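Produce the complete structure using the sequences and hints provided.
There are 6 protein chains.
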Amino acid sequence: MTQLGIVKRNIVRADAAAVEKLSRFGVATVHEAMGRVGLMKPCMRPIYRGARLCGTAVTILLQPGDNWMMHVAAEQLQPGDVAVAACTTDSTDGFFGDLLATSFKARGARGLIIDGGVRDVDELEKMGFPVFAKAIHAKGTIKATLGSVNIPVVCAGALVNPGDVIVADTDGVVVVPAAMAHAVADAAEKRESFEGEKRAKFEAGVLGLDMYQMREPLEKAGLRYID
Amino acid sequence: MTQLGIVKRNIVRADAAAVEKLSRFGVATVHEAMGRVGLMKPCMRPIYRGARLCGTAVTILLQPGDNWMMHVAAEQLQPGDVAVAACTTDSTDGFFGDLLATSFKARGARGLIIDGGVRDVDELEKMGFPVFAKAIHAKGTIKATLGSVNIPVVCAGALVNPGDVIVADTDGVVVVPAAMAHAVADAAEKRESFEGEKRAKFEAGVLGLDMYQMREPLEKAGLRYID
Amino acid sequence: MTQLGIVKRNIVRADAAAVEKLSRFGVATVHEAMGRVGLMKPCMRPIYRGARLCGTAVTILLQPGDNWMMHVAAEQLQPGDVAVAACTTDSTDGFFGDLLATSFKARGARGLIIDGGVRDVDELEKMGFPVFAKAIHAKGTIKATLGSVNIPVVCAGALVNPGDVIVADTDGVVVVPAAMAHAVADAAEKRESFEGEKRAKFEAGVLGLDMYQMREPLEKAGLRYID
Amino acid sequence: MTQLGIVKRNIVRADAAAVEKLSRFGVATVHEAMGRVGLMKPCMRPIYRGARLCGTAVTILLQPGDNWMMHVAAEQLQPGDVAVAACTTDSTDGFFGDLLATSFKARGARGLIIDGGVRDVDELEKMGFPVFAKAIHAKGTIKATLGSVNIPVVCAGALVNPGDVIVADTDGVVVVPAAMAHAVADAAEKRESFEGEKRAKFEAGVLGLDMYQMREPLEKAGLRYID
Amino acid sequence: MTQLGIVKRNIVRADAAAVEKLSRFGVATVHEAMGRVGLMKPCMRPIYRGARLCGTAVTILLQPGDNWMMHVAAEQLQPGDVAVAACTTDSTDGFFGDLLATSFKARGARGLIIDGGVRDVDELEKMGFPVFAKAIHAKGTIKATLGSVNIPVVCAGALVNPGDVIVADTDGVVVVPAAMAHAVADAAEKRESFEGEKRAKFEAGVLGLDMYQMREPLEKAGLRYID
Amino acid sequence: MTQLGIVKRNIVRADAAAVEKLSRFGVATVHEAMGRVGLMKPCMRPIYRGARLCGTAVTILLQPGDNWMMHVAAEQLQPGDVAVAACTTDSTDGFFGDLLATSFKARGARGLIIDGGVRDVDELEKMGFPVFAKAIHAKGTIKATLGSVNIPVVCAGALVNPGDVIVADTDGVVVVPAAMAHAVADAAEKRESFEGEKRAKFEAGVLGLDMYQMREPLEKAGLRYID
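The listed protein sequences correspond, in order, to chains A, B, C, D, E and F.
If you're matching positions, the first sequence starts at 1 in my numbering and goes up one per residue.
If you're matching positions, the second sequence starts at 1001 in my numbering and goes up one per residue.
If you're matching positions, the third sequence starts at 2001 in my numbering and goes up one per residue.
If you're matching positions, the fourth sequence starts at 3001 in my numbering and goes up one per residue.
If you're matching positions, the fifth sequence starts at 4001 in my numbering and goes up one per residue.
If you're matching positions, the sixth sequence starts at 5001 in my numbering and goes up one per residue.
By construction, these hints were calculated from the structure, which means they are not laboratory data.
Since we're looking at a predicted model, the values are computed, not measured.
Do not rely on the hints blindly, as some may be mistaken.
[To be verified] To give a feel for the contact side, a few chain A residues facing chain E, derived at Cβ under 10 Å:
id, residue
1, 63
2, 64
3, 90
4, 137
Even glycine gets a Cβ: it sits at the ideal position worked out from N, Cα and C.
Here it is, written out as structure tokens:
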């Protein structure tokens, strides 16, 4: 059960080597390597073009209009972490800005994923602090109500456990459970190794119909060509 | 009636000269030249800044979560075509990525319009393959169910027949029926020829109230000036 | 009561010095200086990256699908003004494009805020005419029905009186009542003066928990640390 | 090409016997009988519980904020028709109320499908005049701009030609092309004839897994049962 | 400027006779009588079928996730009042339930308009306490942050001053400024007096085209009839 | 990690006595008893007025446009269970209708919660089979791709583990983890026991300001009364 008022200090982060390996792949590749699961909803967008990140999740459960837990979370961040913030209800308030980003960055955090709003986005871009959010809004927040840090949270439709690997780029945000990080990284690598060859064939004009031998199954399924 | 499992091979494309002429005008101008009809909904956005295209439609009807018909459509694409993909139900899945784009480009396609999602958008930008879509999402799709190619489709609220001209830029996407392409191109040209003159007058401080002789009709309509 | 068919010619604009001072601050800072009120909804976005503006409001109430009042408003614009357009019903039509922008610019206007759609956005970017809108759409409009100019309007959830100061940047749009412009500018300045010091502390690794002395109130609120 | 300012007087309505036969089936059944195509989007809802209709389409293309064409359409309505109204842009204005419903009913119309808003819904329910709409809104409209009557329109994502059969109930709205009405009615009848038998089996506790012989294909697809 | 932390005790309520007169008309009629302004957005829906109300506004500005001001407002409610609640940011939380409704009812309030969420809707229906809201959600709120009572608020896109008349029914919610209540009530009465006659004509089969003499203006506008 | 192609047969259902006790309380009360967590998003609505349910979750992960797993799940349903269906991507297709409901009911299921669409809603109401869904849509689905049954799923923003208690009524849907069912039921009971007393006080005209002793904290927070 989701509990409020809790900060878990010791979390098991995904293995650093697996994180490093996963960081080489795009979100689409990682998501395919997981069997097409683990994505957040498409409302989660980078706040500036070119933002991307890969790291281990420190999770934050916020209350609407309140960013108190952001400060509590800062202390739990370690180099290589990514803050992942959910909220107990839908909100687009600007829970996060350049001052908190300065603090998170000083702790070694690699960015923020937030199912909510963010502000000071020009400054965040200048700082090179990547954020993926569902809204940009100047609306400020208060510090009055307890949420939690490092409990499992649902963020933009995806379950995130503290220590999971988060990969985010222009295509979206994907969550890799810590225990599967190595296996997924290997699967992503294997998948990507085939891409160059396929691309070369497509460039040469080979059709997917032939490359993937689809003509027969399409005919069996009943596809009819007419003039 | 929309039929599934059909691929029409021979379609009548709009005249190449009309397409070339239409390619010189922006979407807003073409839409006005058509009498303010033919636009797709404003949710259709370019996936990178500066994307624009003009070409003849090869239409694709997809099933949710399934991009099989993209491969079937590739074979029907000819140089100068634009793929226009609709779906039998609302979906934001990533039906299209850089591999398919490589294949479409090799066929001579000028871009994609999709009432759905797309992924690998950084690669698509690097390739210079323009896509207009309602979502960016890494979510992958399967190849299991038949849709159709080159039947009339409704894409983002607009009816598209195979062979119609598609013009797309930052302002949106407009569909010009093949049979009207010449007439619309001429009307767009005429419309644009007046713009320079109007712009010069506006720059010189002339008001639209005077340029368009609106003062009298406004007074008749009952407009009152108060202090 | 909102009255249609009215143009108010003499409006009391916020003091020029206060406007100039407010122009130095970002939207988030101004909104905080007002006590966290005055923001438009987050659907209001700049049509190009880097757009920002600060000026005094000339308000426009449009009818759906009709931009006649834009031309009426042009005559009321003075150097330093910002056009603020609302609509009597939700609409994403392209009420505004490069020709009107040329006219508004010739009048000295600093930009447009519109709870509706806009088009010709590439040209507007080239002109350096900032617009904040909820949609980009090529859809053209007619000139047939009276709205009003310089009456109080509700634009994207915020009340705007003619003469109020509008500040807009990447974080959104905020409305400062004319009578409060000086006080808000002073409060913004005071607020910003503390930011540099805070940022330096955060950069040095000081936690918000300590800087804002949150540990005790968090404990009182019941926050529990677990391992 | 969609043309404005046109009223087509003579349209070919679907055969009355086919319409009568289709009226016996629900929307879900008709849509399945068509091969799972022809539905409007799920935003189209009955304005009162229990509303349902079946009839031949008289199509209307409206302009935003303007219901002039409703009156033009009234004259084209014949007993057994259903008015189907689209708009050149998204709008939720109340284009239709109890007075127009009185007029439509006097002409023998069976109801209205509108990709827009409607008002006076309590009166419409009392009159027993079924309407399927995407919004209920008191917002009134003007009579100033031409649209068209009895041209092909896209309504809530579906193409509707004048004379097509419209079936609508609590599950949504489906469009049956006039030329296919008999075939679809027959297919719907066949489909429904199997339903009773299936229902009896399900009631008796037979599983779909067994009834549809799914166990083997599921195993082939790789489904694994764990404890 | 919107000020937080303020409760205005003495407000000027619209004249009781005007309120009583307005209560006889539907929202659509009142809105037309005002010149087609004053409506809230169509997302505002009655929480149970048949809910309707008319009374004078006591306004409430809430903070997200916080309903403290509801209790402050209760004391300001007088018999015949309608509570009108806005929020400083978009929220669908359940700010209001059956206990508060019991308190409001005991004060003589006639209902609630809330640009937010509400809960205990079955109980509210049993109590006969009408609520118009944009969401139904069980999500509870806290009591920690000050908003205001009886300041001007923007609720669902409409400006509401304390003391204004609120009329709400199945068609939506309309705001009549206190000073205009008599004039609007008179205009509504006049408007309604014509309705019966019109309805009779429509029932008799007279077309709007003839009743409103539209044939000539339609022809002038260029309407063409084709066969 | 979410795994596809898995059916877990043995799940630990919440204790029957706790389920029975929870069934006596409304969703708002249960959610408060849990500390204001556990709710699904407000888009989840009953498909007919008065629908309510309480039971133990059998979870289903669907693929877009595909309801194969519904049949697989039917076999896992036991008397007292509630089917809870999520989808790997956003979809409003009609995954469920009266035939599946007949099957589920024959298995003893108490209803369905689905983050998707449903159809045959009139029949479902007649059967008394409660469904909470985000859409009603006639759109049919295929049976081609594996999902899973009885794995943890995220449904409308809430994490649901197989065996958890689901309580749903007009106010929404709440998830009670199986291990906490007794404690939450007790807390709900305690909470409700105070309600009658409070209601009586409110009915007698006592203000929340006095009943909850809010006057002092409000004054401390800075609330000012003006005339």
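Going through the hints against the structure:
Contact between residue 63 (chain A) and chain E, as hinted, is supported at the beta carbon level, the nearest pair being about 6 Å apart and thus within 10 Å. A hinted interface residue such as residue 64 (chain A) counts as satisfied when its beta carbon comes closer than 10 Å to some beta carbon of chain E; here the least separation is about 4 Å, so the hint holds. Hint on residue 90 (chain A) holds. Least Cβ distance to chain E is approximately 6 Å, under the 10 Å limit. With 10 Å as the threshold, the beta carbon of residue 137 (chain A) comes within range of chain E, its nearest partner Cβ sitting at about 8 Å, so the hint holds.
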